[in-house]
Structure formats: C-alpha cells, structure tokens
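Build the full structure now, drawing on both the sequences and the hints.
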Amino acid sequence: MSPSIECDVNKQDDNSEGSSVKDEPCFICIGKIHRTHGVQGEVVFLPMTDFPERIRRGKKVLIGEEHIPAVVKSVREKPPFLLIRFDQYSDETQIEWAKNKFVYVSIHDLPNLPDGEYYFHQLIGLDVVSPENNHIGILRDILETGANDVYVIQCENGKEELVPAIPQFVQEILIEEKKIVIKMPEWI
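Anchor point for the sequence shown: position 155 equals 155 in our numbering, and the numbering is continuous, going up by one each time.
It cannot be assumed that every hint is accurate.
To be verified - In the DSS-like style, the derived pairs of lysine-lysine whose C-alpha atoms are separated by at most 25 Å in a straight line are:
#1 K78 - K101
#2 K32 - K73
#3 K101 - K32
#4 K59 - K73
#5 K99 - K32
What the hints contain is simulated information worked out from the structure, not anything from laboratory work.
Given below as structure tokens:
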C-alpha cells in the first residue's frame, strides 16, 4: 500500500470528507523519520506535504503503519528536513524504533482548502464521465509533474489513459456526485 494514503475501513465514520468511496483513506502521510539526531530524542524528519509549516508544537501525529500516537514537542528547520521532538520521547533510545517510519495524520485533521481545490484522496476513485455524462472510467492516480498534475484514468476498455489536469480537459469536479467531468483529449 502506498505510504501516502492508507486506511482501515472499519475506522471510518459517517462524517468523513472527500470522495466518500469505500476505500477512502483515513490517514495521509505527511513525511518520514529518517534517523535520530542527538541524544535528547530529536529526529530528522523529511516533510512530504505541501504544508510543512503545519507541523508544529502540539500537532498530533501517528508514527509507522502501527499508527503509534505522538505529539510534537518542538520543531526546528534544517532544510530540506525538520528536526522534531515528541512529548513522549526524551532520549534517542526511546525514539530509535521510529527510524525510517512514515508519519501520518488523520484526514479529519487536514485543513479545509479553498473552493475549487481538492486533496488527492478526495478525487482518486471518482467516476470519470464525458460532458455528455457517458462513463469513461475511474480516476486511479494523480501524477505530480512540473507544469500541472496528470490524471491516471482506468478506462472501461481496460486501458489506462493519462489526461492533463487542466481546465481544457477537466470541466467539472462533482465531489457530492462522486464524479469528474472530463473532455478527453483528441489524441486518446
């Protein structure tokens, strides 16, 4: 399973945000602990989020696939890394187990985005339809490129198609209806 998105479906509740599909994630990866730093329980953390400034004192996180809860005690910048201490761990021997572990937050702890912007987990799994409402397939992945994102669509015929996520092709995103309206490029 991808380190960026994972979920125990049994832990979901009816108040979830996002795509509302069965496999909607409950947790989002925000980074990875590389190693310990010093003897006071600090770790070298590589952020994997567009909002590293939201990793701050008091932030509740979950470490590793086991989702061990921890609370951020302090954060220092050491680009491209952050040096983080957790309330629960006061020396390097107590936190050594966390080396090379991914760090997660609950999707319920994510900040709201401005209108028209979505988290990937809200889009992946949505039905893709044409402007005429013909079913094309399902959005399976989103690739981040330098210029714009690219949607990976698993089409009805079994083929996988790549569509740039630009207004020319992505005409409407309807989260409540669980679909995305896409005008497929002529080259497909």
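Consistency of the hints with the structure:
Proximity of K78 to K101 is assessed by CA-CA distance (about 19 Å); at most 25 Å being required, the pair is judged to hold. As the CA atoms of K32 and K73 are separated by approximately 17 Å, the hinted pair is consistent with the 25 Å bound. This hinted pair checks out: K101 and K32 have alpha carbons roughly 6 Å apart, not beyond 25 Å. Between the alpha carbons of K59 and K73 the distance comes to roughly 8 Å, so the proposed pair stays at or under 25 Å and holds.
With a C-alpha separation of about 8 Å, the suggested pairing of K99 with K32 holds against the 25 Å cut-off.
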